[in-house]
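Single-letter residue listing:
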Amino acid sequence: MNLSSAGIHTNFTALDWCIVVGYVLAVLALGVYIRKYISTVADFIVAGRGIKTFLGAATMTATELCLVTVMYSAQKGFVGGFAAFHIALAAAIVTFIVGITGFIVVPLRRMNVMTIPEFYEKRFGRNVRILGGTILAFSGILNMGMFIKAAAVFITCVTGLSSPLEMKIIMTALLAVVVIYTTLGGMVSEIVLDYVQFVVLTIGLLLATLLSIRNLGWNNIIETVSSLKGRAGFDPFDTEGFGIAYVVWMFLLGLVSCAVWQTVVIRACAAKDTSTVKRLFMWSSIGFLMRFLLPYFLGICAFVFIAQHETLKSIFIPDTGRPDPQVTLMAMPLFLSQILPAGLIGIVTAGMLAAFMSTHDSYLLCWSAVLTQDVIAPCFKKPLSSKTRLLLVRIFIVCISIFVLIWGLWYPLGEDLWDYMAISGAIYFTGATALLVLGIYWKRASRTGAYLALITGFSAILGLKSVQLRVGINIASEIVGLSVITIAFLLMFLGSRAFPDKNRPVTLGSEQI
Amino acid sequence: MNFWIYFWSAFFFISLALFIILAVVVLVGGFFNIKSLFRSLSGQKSDADKADKAENPP
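These protein sequence lines map, in sequence, to chains A and B. With our numbering applied, the first sequence covers 1 to 513. With our numbering applied, the second sequence covers 514 to 571.
These aren't lab readings, by the way, just hints derived from the structure by calculation. If a hint is listed, it holds; no wrong ones were tucked in.
Computed spacing ranges between beta-carbons, pair by pair:
| id | chain 1 | residue 1 | chain 2 | residue 2 | range |
| --- | --- | --- | --- | --- | --- |
| 1 | A | T239 | B | F526 | 22 to 32 Å |
| 2 | A | T486 | B | L540 | 40 to 50 Å |
| 3 | B | S549 | A | T101 | 23 to 33 Å |
| 4 | A | L25 | B | S549 | 25 to 35 Å |
| 5 | B | L540 | A | H9 | 30 to 40 Å |
Note that this is a predicted model, so its numbers are computed, not measured. All C-beta atoms, glycine included, are put in the ideal place defined by N, C-alpha and C.
All chains should be modelled from the sequences, with the hints used to inform the complete structure.
Structure, rendered in structure tokens:
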């Protein structure tokens, strides 16, 4: 969509380009400098397990406040209004409870594991680790395959670049920067840069939020949402909006995103000790809240801004039918390009690119570590040396990046991006949640039950609309997700009762289960 | 609907205030955490170098 032909021009200037390019170069230089501190695979993957509370909270927030989250959250705010805030509330409540109780994350830290499949091996055996690692990496790599696309949409709207070739070159260059500093510095560079990015992002998002309130006016925002969306714009239980099943699904996703998703769990594993893990999650609950809340609010502001602009309203909020998701995705960056002054828009864009790079490097490192530690290394009888593992991690970082670039940027995706991402994540986490919860807290959980739960997770792919069209069903994705996770728990329970393991007990850190 | 309007308005501004406090605390605390992380990694690296030299004398 060419917005300049509709008379929409961005505030992005040469000064903003300088800010963005200068920031990216500084990030690269820092990554290279940090390389000298890396000596072992533990330094590379979990920063020598030396992460303390505040640094951990900053990096967890920075990693999970990714550009793709900002984009889709803003879209959710645009479409759902204030009712979308319930997702942020659910994330914060669940993360805080995990912090207080140490649910899942403390036992994992106590076991000194680096990845979740490593837990699978300690609890269920080597083959479960290899299967679990393969599913996790497959799901995660597919999931991150669309990050670069979301970043491309953001850059196009904010900078006003309309040439597809320019976009591809910029995104390829960005990916190259991420690969270089992740390959060189691993978790240490990632953590330091996450901290820097937390600072830039926080300042950028807070300024954008305050400016939006000042320009649009709080009462005007409330009144516009109220008149155009009605009750569904505020009440999350309203059936014309989200509905109760969606709210329950969001609470479950809150648990998954803070205690089951590997990129977050790796932060818990990198923490100094178990009390740091608890503090880290309690502090991060505010970060988890804001990573949704601020983008939702910016999406709502974009809705109000567009509703009061005749040309844009006809494009983004058509009178007939639901607006095209690919178009509403562009609403927030377009709004920012109109409302932020030159200079500030450069800082916000640098912050958003920081969010993209921060998440991309974490995910690259995470899936490479999983492939090395959980899929390749267990296949060898003789343990691989630290040097070989480091080399493998670096090779996987490059291979995954090439795949992601081709998949996300050059491959023409023919389906809805959000559905694709949610389902690709669910392939892993629906089965993994059962393995983690029952594996940690139920001593009779067995290998057979674990296999059944992992394989059941695959059926979450039925939540994808294109798959539903092929098999001739039409079920809401939240219903599919909730059903699959329930079946995974049930099958793991029944499988464990029917086929118990012969070799027990299994030790979990200092405890025995 | 009024309940939800007041609820989300209060929720938003309280969260915003909390986030500003968190940002300041994490910003300051994180800086000192980074310093301590590098100190610990430098120590580990020099220990590893010493061990290497002891095992493989020139």
